[in-house]
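K.L.:
Below, each chain spelled out in residue letters.
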Amino acid sequence: MADYLLIESRDPFDSNDVGQFYDLAANLAKGGNQVTLFLVQNGVLPARQCVHSDALSAVAGAGVDVLADGFSLDERGIAAGALVTGVSAAALDVVVDQLAEGRKAIWH
Amino acid sequence: MADKKTLTFALMDAPFETARTTTALRLIDIAARRGYDINVFAYEGAVFVPFALQKQHSNPVHGHPEVEEEDHPLPREWVSALIDEVMKNGGKIDWVNCGLCVDERGAGESIEGVRRGAPGDFWAMATASDNTLVIATK
Numbered sequence: 001m002a003d004y005l006l007i008e009s010r011d012p013f014d015s016n017d018v019g020q021f022y023d024l025a026a027n028l029a030k031g032g033n034q035v036t037l038f039l040v041q042n043g044v045l046p047a048r049q050c051v052h053s054d055a056l057s058a059v060a061g062a063g064v065d066v067l068a069d070g071f072s073l074d075e076r077g078i079a080a081g082a083l084v085t086g087v088s089a090a091a092l093d094v095v096v097d098q099l100a101e102g103r104k105a106i107w108h
Numbered sequence: 001m002a003d004k005k006t007l008t009f010a011l012m013d014a015p016f017e018t019a020r021t022t023t024a025l026r027l028i029d030i031a032a033r034r035g036y037d038i039n040v041f042a043y044e045g046a047v048f049v050p051f052a053l054q055k056q057h058s059n060p061v062h063g064h065p066e067v068e069e070e071d072h073p074l075p076r077e078w079v080s081a082l083i084d085e086v087m088k089n090g091g092k093i094d095w096v097n098c099g100l101c102v103d104e105r106g107a108g109e110s111i112e113g114v115r116r117g118a119p120g121d122f123w124a125m126a127t128a129s130d131n132t133l134v135i136a137t138k
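Chains as they are written, first to last, in my numbering: chain F, 1 to 108; chain U, 1 to 138.
Everything labelled a hint here was simulated from the structure, so no lab data went into it. Certain hints may be false.
To be verified - Going by beta-carbon spacing under 7 Å, a handful of chain U positions derived as facing chain F: (1) Ala19; (2) Met87; (3) Asn131.
Heads up, the beta-carbon is just placed ideally off N, CA and C, and yes, glycines get one too.
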């Protein structure tokens, strides 16, 4: 088993392969790995209720720690209290923390 | 420092274009404030991020007809500030611009603290680091 840090910077309205990245995160977690999906830039958009939110909540339901960059949320006017189930706001420091831990990191 | 780490970042985006550059510099800034040793390999358009000839401009549309009023931010100044931050906190930073990419683009004039290298430097950086993050262009 391994620890993974998956960073999603794209939003599913713009990139169809975002769903595949969600699947990767969920499947890694189902395989017994520790996985963080960190949303940044437009990647935070589905953290607000929309047609793609259920997919994101499902990733969290699979055991992935789904975090959304607070700076990106603020830029887009998304309040931390408006996040869908399974998603929490976090500082970008988490990414550096997990890089320093040696997690396998993938940027998308 | 017992928990001192070495992180490597690979950047590919040109400045003034995408949020990826901003996020990359935010990440590097966090690492700098922790006193980490940092490697940056700037590839493709990212070699222009520390380009020394970047100039501010005015913006009459914004009601700023003078350069000073617009105070347009320049990535080269951000990189310079990052280098200062690393040094202030006891870390080291090795910013390498890919020489092939520099030559293609005529981007040879970089700010102080940036050196010319080759893709092999990225391999060496990654090998010697606790972790590496590649921020690939879209």
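K.L.:
Run every hint past the structure and note whether it holds.
P.N.:
Cross-check of the supplied hints:
Evaluation of the U/Ala19 hint against chain F yields a held restraint, the C-beta minimum of about 4 Å falling below 7 Å. Here the hint on U/Met87 is broken, as its CB sits about 18 Å from the closest CB of chain F, past 7 Å. With its C-beta approaching chain F no nearer than about 4 Å, U/Asn131 sits inside the 7 Å limit, and its interface hint holds.
The structure fails to meet hint 2 from the earlier list, while all remaining hints are met.
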